[in-house]
Amino acid sequence: MPAILSSADADFETSFAAALASKREDSPEIGAATGAIIDDIRARGDAALIELTARFDRLTLTPETLRITPEEIAEHAASVSAPEAEALDLAADRIRAYHARQLPRDELWTDETGAQLGWRWGAVDAAGLYVPGGQASYPSSVLMNAVPARVAGVRRLVVCVPTPDGVINPAVMRACQIAGVDEVYRIGGAQAIAAMAYGTATIAPVDKITGPGNAYVAAAKRQVFGRVGIDMIAGPSEVLIIADGTQDPDFIALDLLAQAEHDADAQSILLTTDADLARAVAEAVDRRLARLPRAEVAGASWRENGLIVVTRDLDEAARLSNRVAPEHLELCVADPEALAGQIRHAGAIFMGAWTPEAVGDYVSGPNHVLPTARSARFSSGLSVLDFMKRTTISRLAPGALATIGPAAVTLAEAEGLGAHALSVQARLDKINEKEPR
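Note that the numbering used here gives residue 666 to position 75 of the sequence shown, counting from 1, and the numbers run on in steps of one.
FYI, nobody ran anything at the bench for these hints, they're computed from the structure. Using N, Cα and C, we set each Cβ at its ideal position, and we do this for glycine too. Check each hint, because a few of them may be wrong.
[To be verified] Here are the computed distance ranges between Cβ atoms for each label pair:
id : residue 1 : residue 2 : range
1  : Leu1008   : Thr704    : 17 to 25 Å
2  : Ala1010   : Arg818    : 24 to 32 Å
3  : Thr982    : Ala634    : 32 to 40 Å
4  : Ala688    : Ala1005   : 46 to 54 Å
5  : Arg646    : Gly817    : 26 to 34 Å
6  : Ile984    : Ala886    : 51 to 59 Å
Produce the entire structure from the sequences given, and follow the hints as far as they go.
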């Protein structure tokens, strides 16, 4: 188990800073390999996709079989059990209702000069959604990406999901049906990101790419940004739990392990004011870990990246949490509302002992695609706005231009942009010609 630190220890700051500085994302080697894959897709298109899929997913494809047909989707979706299908329907309904409240309003008004100003919102035309496969394939990722895109008004939704050895996850296909996905391709990795960004003979390019993936997917998203929009560069998952002495140590242990089982690079952190709870949670983690299906993955994550800190009080715990800026933050305390007021940086906050982060991964409604690696300091989780763009609107009547135009001429001349100044001045001269002498 990881060591239990105390914020009162003389070397605490060094140990805590080291935990924050640990780099669990991609590496230069991954970046270089990803760049080569992207270049190959740009140069050879479908042929490169087919070759890379055979190499990485042990699956032989042709241009005609890159896409999973609607008939195949329907066949696999029909095999999903009734309870699982109902759970997906419930999740989709809740995600849709939550994200519908995020839709922004268009605005248009006339100011005191007579200028008409405003903005309007519109969706991107096409979005590409990456769904992880391989070690774990998540239908919840389909819903969390595709449902907000549809709410935003995206016209074309493309999903890329790897199918190693040709194995298709029926629940992923069912989620694609529920969310109204238009095209599904059985490709993954950096090559899928490149195909969606640049297009091939079979796959038309998209305008925005969202969704989590491994280090190669993250590196590919970073490299294609600018050609297309992206949601974020997602790193390994993380949770930070602030708990007081009234909490059930078994609940806390399970919540820590729920993140640890995602990936060996995931990080689970407990900040508590109670040293007895810290020890009880560490013991509960060991007991529970032995019986987990993904014990090897969760154990590696907990040993290498887990952290327990005993703090002087909850105020100090909040300050430490803000330094971490965690992807997921659980406030397992008697008064979570009061503590939440001190939190400035977190991707998502889960209030109270009866709101485990795991329920947020599926059915609460808020999005589970969230900023990692301390990026919650400056970014937010996926939302409807990620699939929309704002266009500003302005319309000046002659009187409005006469009022504000001279200032524009002055500033243009100050910047040495003569054509800018003349563009405005010519109209001002025309207006002045019409004025009575």
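Structure-based check of all given hints:
1. Leu1008 / Thr704: 17 to 25 Å: For Leu1008 and Thr704 the Cβ distance comes to about 23 Å; the hint holds.
2. Ala1010 / Arg818: 24 to 32 Å: holds (31 Å)
3. Thr982 / Ala634: 32 to 40 Å: Given a distance of about 35 Å, which is inside 32 to 40 Å, the answer is holds.
4. Ala688 / Ala1005: 46 to 54 Å: holds (51 Å)
5. Arg646 / Gly817: 26 to 34 Å: Holds, at about 28 Å.
6. Ile984 / Ala886: 51 to 59 Å: 57 Å Cβ-Cβ, so the 51 to 59 Å window holds.
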